[in-house]
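If you read the protein sequences in the order shown, they are chains D and L. According to the numbering used here, the first sequence is numbered sequentially starting from 192. According to the numbering used here, the second sequence is numbered sequentially starting from 364.
Check each hint, because a few of them may be wrong.
Quick list of in silico lysine-lysine cross-link-like pairs, BS3-like style, CA-CA up to 25 Å [to be verified]:
{"no.": "1", "chain 1": "L", "residue 1": "Lys380", "chain 2": "D", "residue 2": "Lys287"}
{"no.": "2", "chain 1": "D", "residue 1": "Lys287", "chain 2": "L", "residue 2": "Lys366"}
{"no.": "3", "chain 1": "D", "residue 1": "Lys287", "chain 2": "L", "residue 2": "Lys829"}
{"no.": "4", "chain 1": "L", "residue 1": "Lys813", "chain 2": "L", "residue 2": "Lys711"}
{"no.": "5", "chain 1": "D", "residue 1": "Lys280", "chain 2": "L", "residue 2": "Lys380"}
It should be emphasised that the hints constitute simulated quantities derived from the structure, not laboratory data. Since the structure is predicted, the reported quantities are computational estimates derived from the model, not experimental observations.
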Amino acid sequence: MLNLTPKEITERSALRINPAKTCQPVGAMYAALGVHRCMPHSHGSQGCCSYHRTYLTRHFKDPAIASSSSFTEGASVFGGGSNLKTAVKNIFDIYKPDIIAVHTTCLSETIGDDVGAFIQDMDIEDGKYVVHCHTPSYVGSHITGYGNMIAGFIKYLSKSTGKSNGRLNVIPGFVNPGDMRELKRILELMNINFIMLPDTSGVLDAPMLGSYVMYPPGGTTIENIEAMGDSPLTLALGELTCETPANELKRKCGVDYKCLPLPMGVEATDQFLMELSSFSGREIPYALEEERGQLMDILLDAYPYFHGRKVAIYGDPDTVLGITSLVLEMGMIPKYVITGTPGEAFTEKAEEMFARYEVTDCKAKASADLFELHQWIKNERVDLLIGGSHGKQIAKAEDIPIVRAGFPILDRYVHSYMPLVGYRGAIRLVELILNALMDRQDRDCADEDLEMVM
Amino acid sequence: MSKVDRIIDHYSARVYKNRKLHIIEKTDDNHEIAANTRTIPGIMTNRGCCYAGCKGVVIGPIKDVAVITHGPIGCGFYSWGTRRNKARGDENTKNFVEYCLSTDMQEPDIVFGGEKKLRQAIKEVVEIFNPDAIMICSTCPVGLIGDDIHAVAAEAEKLYGRKVIAFSCEGYKGVSQSGGHHIANNGLIRHIIGTEERAPTKYSINMLGEYNIGGDAWEIERILKRIGYDLVANIPGDASIHDIAKAHIAHLNLVQCHRSINYVADMLKDKFGTSWLKVNFIGVSATIKSLRDMARFFDDPELYARTEQVIAEELAAIQEDMEYYKSKLKGKTAALFVGGSRSHHYQKLLKDFGMETIMAGYEFAHRDDYEGREVLPFIKEDADSKNIESIKVEKDERYRLYLTEEQYERLRKEIPLDYYAGMIREMEKGTIIVDDLNHYETEEMLKVLKPDIFFSGIKDKYIAQKAGTLSRQLHSYDYSGPYAGFNGAINFGRDVTMGITTPAWGLVKAPWKTQPILKGQLQEVV
């Protein structure tokens, strides 16, 4: 496995090997699936749409619908305006969504299609909507695309009537439906009237009830996206993912926003709850304190099995930072922390955490890739890998246990239903980490050292 | 209303008019079907793009070549490790199938051109991996900004003293993956096949269009080796570029996937005189027929005898399992929608288990895959197909014919030599054939035809399953396999049986949906 990866690290300026990111449009497609009765639409050649649907379906094990402008060479030369017009007509006609969310591709961006102008020229039935955002694949990553699509919805739909509705806007980072469900549960426990955009719970973790529905009950409604303009505050969960849309709402409707880290681990969840408490003026209920206490109980019971263990974490910036924060709280050492998504803020934030917990010799890098991470590991090993499916090659090559967390997870089931956020999410991640490490200890130890009680 | 009309009835007039030409109910053997034409924008097609066909399908599986995707990161990322084209490296053969190499183009590369970055990426590939050969596959923006990847490749070839081959397979070319297959085929003929030599043996053959999904090629190779064939190259599954380079020495080419590799088969015939035989190693009876047709080509008593002996032994080994799975699957109906060959091939395997195909369709096939190669002269070229280069090759000095003209003419009447009869002829009357089946039609088809199993891909798998129909992927075999040959048939039978019999199907409906639980109570009112 990965036998061609040399231990010796050479400087690369052009070649990306085994990336830890993908392109903007798939993030945009994911965000659009979190809007109720929305058809995500890829303005480009068919392959993009096909790849993105495939990838999302493989991660969620649920249908990911989307349509394409199906560019041919002709459209690439003469522009995709007529393709988009035909597409929108056919989509409303055949698939009957309430809203079409168009995102661009490197193809339509490179030829300079003015999608906004195309949409303005369309005859759109009352009560139906077409929105768009720009997602050139050669800028940022799928994380950028996710934020841009949310901003696109806000730009087209959110309105300020000048009268506050008292509701809290929540923009979750690029997380699973299971996380969105957990965030909503917490918000409900806090008795907060909120609007969450996007919300893929009930869409990409839809139940098997014996019939297929194209638009399951989940997803943020258009009405609610409109109403976001009247909220007094937006919480953007995931500082490196959600600032673009929060800022768009501020710009358009004057709604203030706060960027918080993804609520993963103890402190980040504490911070989230305290923000909720300060917003609502209500105390944090015992139910949540109980969950926090359970998490603390577990950390204090099980520390001998993870304390001081070295871990490499890779994936999307806010998720990786969230996991890093939890493992530091656990007393583990986040030896390598990487994301494929560009942006030095990631590195700075990771380094701040290293400093706060006084761990030394840890490395953080944005715009990194799994090839480089593997080379680091070849030079100095870790005890555990945490990230998406693509790390399994390194895990196998180096015989290191792996915990799957983040995106994409193509080779396991159930993950999309379960949370990583909140205290409960932390409890789950701690269990996954413990099981990986303790299973390894059981597997590797001598017979006489196999402990019945641990 | 006919079954076809019930499937497409709700379309608007324009869409109906278009789609009507792509869907037929079989009444006789002479149907014409529209294929390889543009998908209507907005229609949720399963089709991919030219890059997917070139890099993802044909080029990607060649194991000891460093394939660089020149473009933004997505295309390379999505085609990394997702197709299940298995490959094994060894001390002499580097295995790049585990790697994703990309130039990860950024905005300045789009604005100022990406050639400089590509040149540097090639340099880095050489320094880090020192591969025997390098290939470059371009993505949409590369063609639009005019990067001359062929010039960069030619320059790098000189500079580094190894093959560097460029493929202009931008996603917008053609109407589906199919254009990419053609572009890749052209590259194999132009730059690779015939560039290395070895002496042929008595039964030297190539296998073309076998991708080793789930290890299919290894199962086929096992059988062929048992009989005594000398497999020069399996193209491209688990192939070394050095094997492909010698492919011209074979006496016969076997064509498994007609759609994706027929250009290479044809060009090898024109250039080197090698005939090709349409085979199908999916299904027990189909495998046996293919083996017998091959023996017929070589017409050697020893080979006939060995072929029959191996068939008998293989059959004996799987008989009990075959009977068992047949008892579970007999009478089940299936709908198939896969790329450009499997929808045909798998009908044979289903038949081995007593299953019936009631609908079959191709995602990106051409008319000849449906109707047979005799329609080739009558297929009208449109603007989209004209954009894919079709190359004419000259006779090579190594051109030679294995059969005399007389033998050739006689054999053509007995076995599918340089010929494919297409899928429609082998289907039963009353079955439905669909080209480029889309999401809407899938939903309607499931309601109208009610197949027991829908064999398709990942994008529609869960749509069918949510609607209560078992769906298994025939692109990826749901991460199982091999399904080819004798042992593969058993794997397939096991997997489908498992899908049908898994207990959860019987638990989907909650009991309170069918049984009353609330009990009324009579109370005396005082």
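Tested hints:
1. Only pairs whose Cα atoms come within 25 Å are accepted, and Lys380/L paired with Lys287/D is accepted, the gap being roughly 20 Å.
2. Restraint check for Lys287/D and Lys366/L: satisfied, since their Cα atoms lie roughly 23 Å apart, inside the 25 Å limit.
3. Between the alpha carbons of Lys287/D and Lys829/L the distance comes to roughly 19 Å, so the proposed pair stays at or under 25 Å and holds.
4. For the proposed pair Lys813/L and Lys711/L, the alpha carbon gap of about 21 Å is at most 25 Å, so the pair holds.
5. Under the criterion of a C-alpha separation no larger than 25 Å, the hint pairing Lys280/D with Lys380/L is consistent with the structure, at around 16 Å.
The structure meets every hint from the earlier list without exception.
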